[in-house]
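> Turn these sequences into a full structure, and let the hints steer you where they fit.
Taken in order, these protein sequences are the chains called A and B. Mapped onto our numbering, the consecutive letters of the first sequence carry residue numbers 373 to 694. Mapped onto our numbering, the consecutive letters of the second sequence carry residue numbers 22 to 325.
These aren't lab readings, by the way, just hints derived from the structure by calculation. Computed from a prediction, not measured in an experiment: that's the story for all the values here. Incorrect hints may appear among the rest.
[As the list claims (entries may be wrong)] The calculated label-pair distances, taken between Cβ atoms and stated as ranges, are: (1) T553(A) - D187(B): 32 to 38 Å; (2) V179(B) - M438(A): 16 to 22 Å; (3) F160(B) - R397(A): 23 to 29 Å; (4) Q421(A) - I133(B): 21 to 27 Å; (5) T101(B) - N545(A): 53 to 59 Å; (6) V271(B) - G639(A): 28 to 34 Å; (7) T442(A) - F309(B): 52 to 58 Å; (8) Q312(B) - W538(A): 38 to 44 Å; (9) L232(B) - V425(A): 20 to 26 Å; (10) L232(B) - H609(A): 39 to 45 Å.
Beta carbons are placed, not taken as given, at the ideal position from N, Cα and C, and that holds for glycine.
Chain residues, written in single-letter form:
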Amino acid sequence: MTNATARVSRHGSTIAKPSRDTRARERAVAWVRRAPLLPALIFLIIVTQLPFVGTLAISFMNWNSMSPDTTGFAGFENYVQVLTDPYFQQAIVTTIVMTVSVVLASLLLGLGLALLLDKKFIGRGLARTLLIAPFLVVPVAAALIWKHAILNPVYGLINGTLTWVWSLFGSDNPPQTDLLTSAPLLAIIISLVWQWTPFMMLILLAGLQSRPMDTVEAAQMDGATPWAIFHHLTLPHLRQYLELGGLLGAIYIVQNFDAVFTLTSGGLGTANLPYAIYETFYYANEYGLASAAGVVVVIGTIVVATFALRTVFSLFKKEAAR
Amino acid sequence: MSTLTPTEPRASVPGPVRTTGSRRRGKSRMDPTRNNTAAGIAAWLLALLFAVPVLWMILTSFHSETDAATNPPSVFAPLTLDAYQEFFGTTSGVSPWPSLINSATASIFSTILVLLLAIPAAYALSIRPVKKWTDVMFFFLSTKMMPVVAAVLPLYLVAKNIGALDNIWFLVLMYVSMNLPIAVWMMRSFLDEVPVEMLEAAQIDGAGLLLTLRKVVAPVAMPGIAATALICFIFSWNELLLARVLTGVVAGTAPVFLTGFVSGQGLFLAKVCAGAVVVSLPVLFAGFAAQDKLVQGLSLGAVK
Numbered sequence: 373m374t375n376a377t378a379r380v381s382r383h384g385s386t387i388a389k390p391s392r393d394t395r396a397r398e399r400a401v402a403w404v405r406r407a408p409l410l411p412a413l414i415f416l417i418i419v420t421q422l423p424f425v426g427t428l429a430i431s432f433m434n435w436n437s438m439s440p441d442t443t444g445f446a447g448f449e450n451y452v453q454v455l456t457d458p459y460f461q462q463a464i465v466t467t468i469v470m471t472v473s474v475v476l477a478s479l480l481l482g483l484g485l486a487l488l489l490d491k492k493f494i495g496r497g498l499a500r501t502l503l504i505a506p507f508l509v510v511p512v513a514a515a516l517i518w519k520h521a522i523l524n525p526v527y528g529l530i531n532g533t534l535t536w537v538w539s540l541f542g543s544d545n546p547p548q549t550d551l552l553t554s555a556p557l558l559a560i561i562i563s564l565v566w567q568w569t570p571f572m573m574l575i576l577l578a579g580l581q582s583r584p585m586d587t588v589e590a591a592q593m594d595g596a597t598p599w600a601i602f603h604h605l606t607l608p609h610l611r612q613y614l615e616l617g618g619l620l621g622a623i624y625i626v627q628n629f630d631a632v633f634t635l636t637s638g639g640l641g642t643a644n645l646p647y648a649i650y651e652t653f654y655y656a657n658e659y660g661l662a663s664a665a666g667v668v669v670v671i672g673t674i675v676v677a678t679f680a681l682r683t684v685f686s687l688f689k690k691e692a693a694r
Numbered sequence: 022m023s024t025l026t027p028t029e030p031r032a033s034v035p036g037p038v039r040t041t042g043s044r045r046r047g048k049s050r051m052d053p054t055r056n057n058t059a060a061g062i063a064a065w066l067l068a069l070l071f072a073v074p075v076l077w078m079i080l081t082s083f084h085s086e087t088d089a090a091t092n093p094p095s096v097f098a099p100l101t102l103d104a105y106q107e108f109f110g111t112t113s114g115v116s117p118w119p120s121l122i123n124s125a126t127a128s129i130f131s132t133i134l135v136l137l138l139a140i141p142a143a144y145a146l147s148i149r150p151v152k153k154w155t156d157v158m159f160f161f162l163s164t165k166m167m168p169v170v171a172a173v174l175p176l177y178l179v180a181k182n183i184g185a186l187d188n189i190w191f192l193v194l195m196y197v198s199m200n201l202p203i204a205v206w207m208m209r210s211f212l213d214e215v216p217v218e219m220l221e222a223a224q225i226d227g228a229g230l231l232l233t234l235r236k237v238v239a240p241v242a243m244p245g246i247a248a249t250a251l252i253c254f255i256f257s258w259n260e261l262l263l264a265r266v267l268t269g270v271v272a273g274t275a276p277v278f279l280t281g282f283v284s285g286q287g288l289f290l291a292k293v294c295a296g297a298v299v300v301s302l303p304v305l306f307a308g309f310a311a312q313d314k315l316v317q318g319l320s321l322g323a324v325k
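Dropping the structure here:
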């Protein structure tokens with residue numbers, strides 16, 4: 373917090389403040405400073421915090437909108453059901469598997485791409501633009517393309533390409549896949565990795581380009597191998613960017629709804645928690661149960677977010693110290 | 022920055038070399054020129070691989086339905102605008118225009134409101150920071166970390182009770198709350214770039230608040246405001262869950278319209294692709310325009 377106080381005195385009128393200011397005037401000045409902040413703060417508290425309090429309250433209720441007579445206090449019943457019901461258990465596992473695998477795979481791919489794009493080569497700008505494209509396609513549209521144009525077992529691009537390659541060798545029996553049926557979760561993971569790798573790449577590229585080059589040049593002059601430079605200079609510098617990318621990615625991917633909804637509609641064990649909650653309240657009308665599951669998601673997110681906050685905070689302090 | 026000429030061979034440097042890691046000698050040192058060509062080829066191959074689904078989507082959208090649904094794919098089939106005509110409902114009668122207009126309304130108005138709230142807030146967090154401004158920043162951030170799905174049911178119930186279900190303006194308010202934390206974080210990091218010396222100089226010269234804002238802050242902050250606006254626009258345009266729960270027939274947005282293609286559209290691949298292209302076009306334009314700022318928005322301004 374020393375930074376904060378340092379900044380306050382760095383800017384503005386506290387420096388010029390005469391010492392015989394009355395308390396009342398000081399307070400008035402503080403409110404003048406606060407005033408521009410308040411509309412945003414109040415709006416956000418009302419629109420994001422109150423609904424969550426609502427969710428918390430409903431999570432302790434028996435409430436199915438189809439049978440209003442049985443509405444009442446339920447205690448921890450909904451929570452017990454969320455944690456014991458096979459559907460929710462599956463959803464919890466799916467959420468974890470999906471988040472961890474997408475984050476790790478897209479981080480690794482993103483790191484590789486960022487390292488490549490950090491070097492100068494012909495058409496680097498265009499290559500970068502092409503690489504960002506997956507991230508810019510509207511998520512529902514991207515999921516539709518994966519489902520119908522890429523993974524479709526009859527005329528999707530993957531099977532089409534297999535047919536074409538095999539026909540080059542004169543074969544009429546190309547191998548054909550049906551990932552959406554045989555491994556639906558993998559299909560979702562692949563499409564999400566495709567979509568999130570550019571994000572990781574952009575963050576890591578920003579990290580690489582903020583790397584102090586003088587130490588790298590010194591190491592090069594001293595004859596360090598590229599691997600040694602990467603291992604001892606680049607990676608430590610990138611660490612917090614890797615953490616930031618991973619944790620922000622995790623926060624966004626835990627919440628993924630579009631891909632699950634579009635690719636499989638939660639079928640075949642692919643329902644993650646957001647989709648399961650959506651189904652529970654939107655189709656099954658089990659408000660209490662859905663809310664309890666929502667609270668479980670928040671608790672899980674808080675665990676991840678605590679780490680995220682710490683990482684963001686370290687970057688933030690660095691920035692504020694400049 | 023570099024005073025070295027990296028291509029110059031240094032293998033003749035005598036004696037043991039100090040290294041930070043393994044102790045190898047000049048022979049194994051990388052040759053930057055050759056390395057870059059290899060990196061370039063690898064990067065280009067991967068870039069093309071990543072772009073294939075997008076390029077394929079665009080190509081397929083210009084094919085006829087029969088050419089789109091073939092195995093092996095008919096890459097060189099004649100190009101046609103049939104799928105776009107079909108998507109815009111000239112032949113089927115279902116027009117995407119209301120949903121596109123809803124998306125534009127929700128995105129544009131929520132972005133304007135976000136800026137109106139975020140710019141003063143960022144001013145109070147950067148130029149003349151309130152006490153405990155870091156705590157406030159982290160409160161904003163923490164609201165972004167709460168999954169939407171954990172708040173969606175009460176929002177649905179409130180909307181239903183006040184008669185705001187299927188009303189685009191309720192969605193606008195939701196999108197404001199969704200984007201406000203990001204916008205505050207981004208705007209703060211942009212306002213931090215206003216040099217303190219210039220602010221102090223303006224104060225000493227007796228410039229009032231409005232004059233300082235106009236002459237000192239605005240020129241530095243303008244590109245940042247534009248970038249923030251683009252990011253908020255993209256997020257609102259892309260959003261599906263809230264739109265699907267809170268809107269329906271009248272106020273459905275473009276992503277909701279696209280969910281009509283989720284099942285049973287197998288025979289209309291070209292139309293699906295045309296729809297995906299049309300709906301993604303604004304985001305593709307905005308995103309390519311704000312490439313660098315995109316990271317800053319997504320990482321809440323933590324990375325520049």
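> Could you run down the list of hints and mark each one as holding or not?
Each hint tested on the structure:
Separation of T553(A) from D187(B) is about 35 Å and conforms to the stated range, judged on CB atoms against 32 to 38 Å. Hint check: V179(B) to M438(A), Cβ distance near 20 Å, so the stated range 16 to 22 Å holds. For F160(B) paired with R397(A), a C-beta distance near 28 Å keeps the hint of 23 to 29 Å intact. Range check, Q421(A) to I133(B): about 24 Å between beta-carbon atoms, so the 21 to 27 Å window is met.
Between T101(B) and N545(A) the CB atoms are about 32 Å apart, so this pair departs from the stated range of 53 to 59 Å. Separation of V271(B) from G639(A) is about 30 Å and conforms to the stated range, judged on CB atoms against 28 to 34 Å. A beta carbon spacing of about 54 Å between T442(A) and F309(B) agrees with the range 52 to 58 Å that was offered as a hint. As the Cβ distance of Q312(B) to W538(A) is approximately 39 Å, the hint placing it in 38 to 44 Å holds.
Under the hint 20 to 26 Å, the C-beta atoms of L232(B) and V425(A), about 44 Å apart, miss the expected range. Restraint check, L232(B) to H609(A): a C-beta distance of roughly 42 Å satisfies the suggested window 39 to 45 Å.
Against the hints set out earlier in the document, violations occur for numbers 5, 9.
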